[in-house]
Amino acid sequence: MHHLKGENMGDLRKNNRSKILEILLKRSPISRAEISEISGLTPPTITVLVNELFREGLLEETGVETGKQVGRKRIQLQLLGNSKLALGVELGIRQLTVGLINLQGELLRRETLEIREKEPRAVIDRLLQAVRPLLADCPPEKLVGLGVGATGIVDSVSGLVKNSPNLGWRNFPLGALLERELDLPVAVDNNVRLMALGENTFFHNWGSVSRLILIHVGYGIGCGIILNGQLYSGREFGAGELGHTIIMPEGPLCSCGKFGCLETLASGRALTSAYAQKRGDEWDYSKTLRTLLAAGNQGEPAAVEIMDQGGTYMGYGLINLVNLFAPDLIILHGSIFDSTTYTQAALRPVTQNYFSGEEIPIKHSQAGDELVILGAGAMAIQKFLVQNELDAHIAF
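Residue numbers (the UniProt record's numbering): 1 to 396.
To be clear, the hints were calculated from the coordinates, so they are not data collected in a lab. In this text the structure is predicted, and so the values were computed from the model without any measurement. Some hints could be false.
Stated by the list, open to error - DSSO-like, lysine-lysine: derived pairs with alpha carbons at most 27 Å apart:
id	residue 1	residue 2
1	Lys118	Lys73
2	Lys258	Lys278
3	Lys287	Lys162
4	Lys14	Lys118
5	Lys278	Lys118
Claimed, not checked - Restraint ranges, calculated between C-beta atoms of paired labels, are given here:
id	residue 1	residue 2	range
6	Thr47	Asn297	49 to 59 Å
7	Met9	Pro252	58 to 68 Å
8	Pro173	Arg109	19 to 29 Å
9	Gly234	Asp137	29 to 39 Å
10	Lys278	Glu119	34 to 44 Å
11	Glu141	Glu106	50 to 60 Å
12	Gly257	Met9	52 to 62 Å
13	Ile246	Arg121	35 to 45 Å
14	Gly299	Gly368	22 to 32 Å
15	Thr47	Asp11	15 to 25 Å
16	Asp369	Thr42	24 to 34 Å
17	Leu253	Lys14	47 to 57 Å
Idealized CB from N, CA, C, for every residue including glycine.
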């Protein structure tokens, strides 16, 4: 019989603990028997590791299962919300937001500051200004680390922002710099990927979903992809750039240098620009978007036409994604989807042209503008508590 060496036994125990923590993070409340069924670990192994988590103050019992099951009711377990905390940061174009998040995805505190300059050092200084008050109120032994969501191509292994056109950054070592400044473990990823992670981790037990796609339409367009329960980053961390898939080869010039990208036809920037031009108004993204959404929902012909056309183009991108990945669930995120006209036009191809003919659940996100910081906090919890700094991404 082959015997595992001490080092391998230690790795096995660590991996088993990580499995249990991940299940508890995504599927609580849950019984010991269900953890065993999902993880494939034996009941004695579950008992030993669950007892260890109780001793560390990470778990609590929440009562017994409800329902009409015959036999003994199973005791339900969940992570003790405030036993560990994480900081989540959204590094936006015009502002940055920092939140303190617990293990149940509750946002305990939030700070937002405007970004006045996009030069990296100036942005870092603003970020530190927002983070430090939250650190002062957080017991050091409870804080697992900090997660950051940034726009553009982000190397989630090294924390390098490879290319963020909106910020004007290339090959900026954001993660390493923040670790040095804060003396904390730091993880960095693309903002829309973190939206998908936040949804998959904290909302409506969607952690049980193996394949999920989140579509975000705001100023631009992006998507986050969960495959086999893990974030999919792709080669060189380039997955999810839905906005730069070509829908109309002879279409408008995109900021990326190509013609006819989905972002030039269906994004908030494209729709508000078209609406302002049609009305002869000065374009202001936030203000024009509010006006466009209100006018469209009130049936103004110009607004309805623009939203219907934009939604139709969005539908082309969406059906391509659906036929490529055949997800279990699609999440729609962004105020553009408050437009019934846009949303119906976008979903029409999915309901009519999905190759398999099976219906795919499509839901609007339950989270608002805090989703990136929740996802960033979830990333920190995953990497520095659940995986114990083992990388949780897959790259094919």
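### Message
Could you work out which of the previously given hints the structure breaks and list their numbers from low to high?
### Response
1, 3, 4, 5, 11 and 16
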